[in-house]
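Make the full structure from the sequences, and use the hints.
Residue numbers (our numbering), protein chains in the order written: chain H, 6 to 641; chain W, 2 to 347; chain G, 24 to 552.
Source of the hints: derived by calculation from the structure; they are not laboratory data.
Please note: incorrect hints may appear among the correct ones.
[Unchecked claim] Okay, derived cross-link-like pairs now, DSS-like style, lysine-lysine, Cα gap no bigger than 27 angstroms in a straight line:
| id | chain 1 | residue 1 | chain 2 | residue 2 |
| --- | --- | --- | --- | --- |
| 1 | W | Lys307 | G | Lys255 |
| 2 | G | Lys355 | W | Lys281 |
| 3 | G | Lys281 | W | Lys300 |
| 4 | W | Lys125 | H | Lys564 |
| 5 | G | Lys355 | H | Lys343 |
| 6 | H | Lys9 | H | Lys177 |
| 7 | G | Lys75 | W | Lys188 |
| 8 | W | Lys17 | G | Lys61 |
| 9 | G | Lys504 | W | Lys191 |
| 10 | G | Lys245 | W | Lys305 |
| 11 | G | Lys510 | W | Lys191 |
| 12 | W | Lys307 | G | Lys288 |
| 13 | W | Lys300 | G | Lys252 |
| 14 | W | Lys281 | G | Lys283 |
| 15 | H | Lys584 | H | Lys554 |
| 16 | H | Lys605 | H | Lys564 |
| 17 | H | Lys343 | G | Lys36 |
| 18 | G | Lys489 | W | Lys188 |
| 19 | G | Lys334 | W | Lys276 |
| 20 | G | Lys61 | H | Lys328 |
| 21 | W | Lys305 | G | Lys351 |
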Amino acid sequence: MIQKFDVIEKEALENLEKEQKSDIPQIYVGCATCGNATGAQSVVQTITDKLEKENIKAEIKEVGCIGMCFAEVLLDVIKPGQPRISYHGVTPETAEEIVDSYLVKDDHRPDLALGYFGEGGPADVERIDTGDVFKNQQRVILKNCGIIDPENINEYIAHGGYKGLAEALEMKQEDIISVLKDSGLRGRGGAGFPAGRKWESCLKPQADQKYVICNADEGDPGAFMDRSVLEGDPHSVIEGMTIAGYTIGSSKGYFYVRAEYPLAIKRLRKAIAQAKEKNLLGDDILGTGFNFDLEIFQGAGAFVCGESTALVMSIEGNRGWPKPLPRPRTTEEGLWGKPTLLNNVKTFSVVPQVLSKGADWFKSIGTEGSPGTAVFALTGKINRSGLIEVPMGIELKKIIYEIGGGILDDKKFKAVQTGGPSGGCLPEDKLHLAVDFDTLVKAGSMMGSGGMVVIDESTCMVDVARYFLDFTFEESCGQCVPCRQGTQQMLEILNDICEGRGREGDIEYLLEMGDSIIKGSICGLGQTAPNPVLSTIQYFRDEYEAHIKDHACPALVCKNLIVFHIDEEKCTACGRCRKACPVEAISGEKKVPHTIDQNKCTKCGICFQECPERFSAVVRLTGKENLAAAASGKEG
Amino acid sequence: MMLKITINGLDIEVEKGITVFEAAEQAGIYIPPLCHHPDLPTFGGCRICMVDADGKIVTACRAPVKDGMIVKTDTEEVRKVRLTNVELILASHNKDCQGCSRNNSCRLQEVSAFVGINQDRMRKIRRSVEAVKPDDSNPFFHRDFTRCILCGICIRTCEEINGVAAIDFAFRGFHTRVSVLGDKPLKDSKCESCGECLVRCPTGALYLAKPALVEREVESVCTYCGVGCGVKIGVRGDRVIKVDGNRDNPVNRGDLCVKGRFGFDFINHPERLKKPKIKKDGIFVEATWDEALDFIADKMHDIKAKHGADALGAISSARCSNEENYLFQKIFRALGTNNVDHCARL
Amino acid sequence: MTNSIDDIADEAKAFFIIGSNTTETHPVIGYRIRRAVKNGAKLIVADPRRIKIAEKADVFLQLKPGTNAALLQGMARVIIDEELYDAEFIKNRTEGFEEYAEKIRAIDLNEMADITGVPAEKITQAARIYAGSDPAAILYTMGITQHTSGTDNVLALAGLATLTGNMGKRGGGVNPLRGQNNVQGACDMGALPNVFPGYQPVSSPEANQKFSEAYGAKIPDKPGMPMTKMFKAALEDKIKGVYIMGENPVVSEPDICKIKDALEKLELVVVQDLFFTETADYADVVLPAASFAEKDGTFVNTERRIQRGRKAINPPGEARSDFEILCKLGLKLGLKGFEFKKPGEVMQEVAELSPKWKGITYERLEEGGICWPCPDENHPGTPILYEEKFLTGSGKAQFKPVDYKPPAETPDQDYPFILTTGRSLYHYHTGTMTRRSDGLSDLYNVEKALISKEDAERMGLNENDKVRLTSRRGEVEAEVKPVSDLKEGIVFMTFHFAETCANQLTNSELDPVANIPELKVCAINLEKV
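Printed below as a string of structure tokens:
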């Protein structure tokens, strides 16, 4: 190990010891964007004020996201000699209570606690790290997120950080690449290209300058894996990029971060400055003579700029348009025409561990074809949404029912969507499938960058397809015909289907057009844009047919295809729906069952929500007959 | 270096470095182009020229030939992709072909016919044309956004041919359109109105403000500056209604500037002099040619007789032909004076 | 031009554009240069105004009007000091280098920087680019020639090109871009007071005899008067009659008040034109001529390429081509040799009398034009001059050192601004043709005198404010437009607009050799109206 690093490591540990004063309680508040959005900052403020005012000795730390988004705001307390207790749904008021009861006194407040980590916790509180949420997870990329203070480099070093860099700097460049190749690490951006091969193809060309780019232009709706890593563990990405710089012979790296991630940018800036201060970045890193500098480039939020060539164009100051094939590889002619290594946040983030723990360790996780872990942003109609990291090869079922805790409100599972707007929807009979790069593609979906949306019976699959297509339609760059015109045309047809104007032959035409768009488009955006439509047709064709032939939306979602109706038998004439109706479409008196004037009804659904569950008198009807009855003026 | 490739079963030898499109062209095989223009770098956005090269679907305009390459230009797959693409373009394209200046000379029509657009299939498409007002700010040519196929030829022309780069793609996705900095009218941009974009537009998106379909063309030389660009004068009836650059002319190879291309109104201008005039008592009176020339000849003889030939001054013209300049100096030198000059110094 | 458009556009590694607003006055050559620069050629631009092509320049030298020679001498000094010249070319193909170098070494670069207002570093940078790029082409227009020092300026440019071996070579040369479609041809045809067709001097006994015989008259062996002197002579009663063909001196000549006086005095003024021009007002006879589209004939472009113009339509009414009018007039005057049926027959006579054009026939011109000299019918033409020898006694280029001379008129207390004039992309000369185009007028129809933003601010002038511009010779009212393209103290106007005629103000002082007026520099005053 480079001697200089030993000194830095020792110093970091000493400083940390001094800073942390482990003889007093430690308070952690999850302050990633997710935490802040639910009020973490006011919790931090309240506690800080309280500690100062009442002269209570404790350390408070803002940490990243531990992944349990369903439980935000999360506040963890470690009292000396005690395990870490996690409190959920914390408000400024309950935060004060926790301080009063647990810090000042010794009541650990099982009523507010989510659970504890490690061993020896109180019996009336659940252990979390062996519970449903974590037992199926394996945290490699996220290992520090929510655990360490992302703004303190000493903590990162204390958790084994920069060891990978120190080791790499003593290795031959080819050797680093063979470790990566042996490990089987595949890029975490979605396509899963072998990282070792990419690095190698960037090492080969001779050039006066090469670049390393970290693609942090995370744009899938519902995906926030990269953001969480940058917010919770920025040094891991910096370390990975520095190793990449050393390996391919580059002295300059760029973070391409979308401007919508201000906290990630702030944390990165701070981390870069700290790393430079410690001589882990900048000139003559650790006295080895290797120079590497990092710059943050803020993207303006175009989804297509996540595509490597569009991203490069964007940094160069051009319109962010992908370059059509055939074109030189980015690894040979990338940014400013120089060899450029471009990887995703998570790829860079895991590299230091691969180097310090070895290829075999990495291979021991996951499957043979897809070693390592996968990070997912688990959202949708699920009990425990959040950020999870699982070994590759895990069954979808496990993720949804064990980690995610099953479907919200005990509804019936319908589909799971992975891969964002490029991915597809898988039905219940595919839940036994293993999560890895290749299996998902075979089933008509893809890993993508890691969004996973759970869909229940109350969701219309045509509407889901329309939602994702609307996204790609808006985000199409406009350069090539199939994507620019094709997404619009498919969207028009889906709109028609959802609004009762579907025609015989639309499904076949969508399939045919989708195929041509995939074959004809310039970049990945267009080449995958039809996937949500194609996969929903593949697995839920009956829903499409019901929309087209019977003007029926089986999930009772598509407004134009449903009517609201009050069941005379069930209506108790309580008048709630009548009072709530914003357009005065409901008439009726005391003791007289209410009716809806279909000519006035705007289908806002408020009556449906207002009708107490014990009556359930307001119902939704769909299908040609019901629609026709309503249209003919007959009371619906 | 020569490479051997096969296109549709024909063995062809081609130069290394050319594209599949160029190779096919050399072999006389038609590949439908839309965004491709021989004067310009390739774009690859229309996806119409797609062919099967060694089993992969690629854009012929960009794919370089490789030794041993097997190209198929008319497989089932190729036909489908091309057909869908053209259908998609037509989905948001103005339907009125008869009212279009490029009716019958439109690349989109040509390609549509080639890929086999038919009404049965078109009925499946949701056709709608976005209502964007045409840019008619420029006095010579306008832009009809409903006929634009976003091939980018005008943009590349402005950048590569003229070097002005006044226009570019603006907005995004389906709302993409060609515009100038700040989405202003073209007239308020740095556009130099050379019309090179108009000439290369494959559809009727860019069209002449005054329609000009000519009956015949006459090759000549531009009458303005000293560059001497070759022009084709377009005539209808007894009027000049159009001027085009002559692509065969070695000087300009078809390029023209705003004056050369559009500044021909003066030829048929109502203020043109149509009769000789002699000033009598301070007023110009129409005269016959004989009267006018006799008057001049008499006066010149008179001056020469009274004051000598050097009392005459002859100002010739840098706008007249060589023959005319020659005759002009010949007249005065034959009269006995070297007082001959023209506006070379201005 | 010593070279052709093609060879410089395709092969020059650097362009030195001086006194030429190329993209506006020669747009199609402008395209070619912009393309070449895009493909990597270097570009030096020298002009008092930050013209459009300056945007693409590697070095832009914003010199004071009328200081070209100082700038060029400065560049020569750098080239000689740093030994950037082409020693082999100088040894083999030139004469007088030592004297030239000695004279140049006596020049103080800093003094040249002071005179021109261009920092010495920039002059140095320009010299290094020009001399360091092989080949490098010089392009210039009236910004070089319309000065009392015009001839010196051209000699200084020739000096630079000779010094760096850029003569007689593809991609190099000294290239004046000619401003009018047949200004080259008019010169070639002897529409000049000192030479017969083909530049045969009137003073040469052989040439004089040849033409006198051919024309059946005794032609004087003394050069005649240039146009610039004719009007002065008219005021002195030495000229009594003027025949003006396709020319509008009342707008285009410098110091117009004097021109008008002269025209009024003449006994005979004939104006032959397409329109009733401002000059036609002063005519005794106005003859309706045909436009280029209404006649056959040949034209010579800036690269000496002779090309065919062809008749597309008939002239309107009784208008006739100049060819027809002149033939008829010749006969009316009782002169011999005017019995031509068509212009092609005139070309035969030109070829017979002019050795440089001997190989030219209409048939050969069908194939795209020929660059003269073309001494016989099998000669392909000569796109590049001086490839083997120069037109001197020894066949070698002669270095001719020049001295910087300030313009005839410089700013003073009464007239503190310098006015310099030029053209716009949208108009041509006095606008007889272009101002009759609705479209061109739509794009540009009101003269705006351009002034620097600094001057505008100092004088409280805003865009479209009306000002009176006065010089020792006249005055004009025009709207102003403050621009950042001009340095303080400089005013720019075009000469396209008769109603705001810049030539009311310009100076008619001449270059002593070329008799070209100093249209590019005169002292004026400016006041808000």
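Here is how each hint holds up against the structure:
no.	hint	in the structure
1	W/Lys307 with G/Lys255	holds (20 angstroms)
2	G/Lys355 with W/Lys281	holds (21 angstroms)
3	G/Lys281 with W/Lys300	holds (24 angstroms)
4	W/Lys125 with H/Lys564	holds (24 angstroms)
5	G/Lys355 with H/Lys343	violated (77 angstroms)
6	H/Lys9 with H/Lys177	holds (19 angstroms)
7	G/Lys75 with W/Lys188	holds (17 angstroms)
8	W/Lys17 with G/Lys61	holds (25 angstroms)
9	G/Lys504 with W/Lys191	holds (17 angstroms)
10	G/Lys245 with W/Lys305	holds (17 angstroms)
11	G/Lys510 with W/Lys191	holds (22 angstroms)
12	W/Lys307 with G/Lys288	holds (16 angstroms)
13	W/Lys300 with G/Lys252	holds (22 angstroms)
14	W/Lys281 with G/Lys283	holds (20 angstroms)
15	H/Lys584 with H/Lys554	violated (36 angstroms)
16	H/Lys605 with H/Lys564	holds (14 angstroms)
17	H/Lys343 with G/Lys36	holds (25 angstroms)
18	G/Lys489 with W/Lys188	holds (25 angstroms)
19	G/Lys334 with W/Lys276	holds (20 angstroms)
20	G/Lys61 with H/Lys328	holds (21 angstroms)
21	W/Lys305 with G/Lys351	holds (19 angstroms)
Of the numbered hints given earlier, the model fails hints 5, 15; all others are met.
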